[in-house]
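Asker: Listed in order, the protein sequences are those of chains A and B.
Mapping of the first sequence onto my numbering: position 51 corresponds to residue 51, and the numbering continues sequentially without gaps.
If you want my numbering, it's the 1-based position in the second sequence plus 1000.
It should be emphasised that the hints constitute simulated quantities derived from the structure, not laboratory data.
Incorrect hints may have been included.
[Stated by the list, open to error] Heads up, simulated DMTMM-like pairs for lysine to aspartate or glutamate below, C-alpha to C-alpha not over 20 Å straight-line:
| no. | chain 1 | residue 1 | chain 2 | residue 2 |
| --- | --- | --- | --- | --- |
| 1 | A | Lys65 | B | Glu1175 |
| 2 | A | Lys65 | A | Glu43 |
| 3 | A | Lys77 | B | Glu1175 |
| 4 | A | Lys55 | B | Asp1077 |
| 5 | A | Lys55 | B | Glu1175 |
| 6 | B | Lys1236 | A | Glu21 |
| 7 | B | Lys1229 | A | Glu128 |
| 8 | A | Lys152 | B | Glu1175 |
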Amino acid sequence: MNAADSVEALLFVADAPATLENLSQALALTVGQVEQALEVLNERLAQQGPLHLVKLAGGYQLATKPEYGQVIANFLKPQRQRLSRSLMEVLAIVAYRQPLTMAEIDQIRGVQSDYSVKALLERRLVQELGRRHAPGRPLLYGTSQQFLHQFKLNDLSQLPELESVEPQNSLLSLPMESEVQPEA
Amino acid sequence: MCPQEIYFCFHRGAVPKWPKGTVCKTVIQRFESARHLHPSYPSHMAPRHELADRKDRLSALGVIAPPPIHVQSPKFDGSLATLFSFVRDHKVDLLDIPLFPICEAYFAYLMQSELRDLDEAAAALSALAYLLERKAWLLLPVPDPEPDFEEAMELPEPTSHEYRVAIEALQMWHEERSQLFFRAPEAGPDPYELPYTLANVGVGDLARAFERVLRKAQPEPLTTVRPRKSLQEQMKLVLLTITNEWTKLEDLITQPYTRTDAVYWFLALLELIRLGQVNARVSEDEVEFMRAGSPNPLSGRNAKRDGE
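Same shape as in the complex, but just chain A:
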């Protein structure tokens, strides 16, 4: 039983992205050894079989290859959840400016966005991060792990850079969740 097979077994049963730390803890291997095993597994899966290794949402997961997408869709008949233009716009604003309040989203868009934010919350693409220390203690919103998963992103730094977004509002300065006042 080599490390690559063990990693494949763990990823096969995992229903969420497995981090390097989780894998190394389960396999009693160092992070470096796990990375090496993942590399071997990735090469092997790329050469044969319908699965491939995907790095997303801060971890690794096994997924079917895109060329099998149509066949699987015919079999599973999944409900496609298309995002409208307005939802996508709000999602992009939240992704780049997080954490931010509803009023700030409204100001950027020039229209009310409460319905869009509510829809994104229901789809778990956006989550509440806490409250701002300001009059009224407005809720702060940010993207969720589900957002990374749904858009096949490993982390927020993979979003395209926008020249118009000010550096202080860029993703590099995003506060950790613990820095935001939690909801009382």
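Since chain A is already given, all that's left is putting chain B on it; use the hints.
Answerer: Just chain B, lined up with the frame of chain A:
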């Protein structure tokens, strides 16, 4: 003269028929004085044939003119019909005209005319109702001035177009992602949970240990807002504190502690036992804890009730 230096009089000469002082003494007196001021006016009500000639009595409003109730005040001097038209055209500030005496005068007119001319009375009532409504609206507080719609409102500049590139990228990635399929969380069986052992520790032992700790807890500080602490953070703290030596719960908790702290510590220990990261045992009727992975966790001095 009343304090507001206003008087109202009817130009009709009929004397009011109610006893003086019963309704409005000052108004009646003014009626009488007004009658003397206009002696040429007939002392009886106009006959019906005069009323038939409506053309002469049609006001500028196109309705039957109200009775010639005279209104005199520092800011306005004229008939009720004139006051009505002035207020309508915003030529006089209604706030400067007290309406109560006018209403009294109208009431007196009704009493003395004995409703001989309903059209005329109705016209006066309409005019008065209009004035009362206008004044009521004027007296209501207006918190915010009405916005001037002729001026362009300053709306924030929509800047969402700056995210056009990001939106297009997200749409493309979302489409690509829809071609990938992962194991659904609900597809498999219930997640396998590692069996944990409480060795010789029973629920009662844990409850007694928790009760002892709670008894020694300090009162809660009086703070309005307390930062929320997650159980995960508490578990990290417990793992940092707990050693490979068997330790009692009260010795484990950082002193001094409150009841809330004690609850957090106890819950974190239970969760760590469930995850197999902490071992527990009963020794001399006291529950002791130790970090898991230590050699021979049941090798305590007086490990009782093995197999419980």
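Asker: Which hints, by number, does the structure contradict?
Answerer: When the structure is compared with the hints, only number 4 turns out to be violated.
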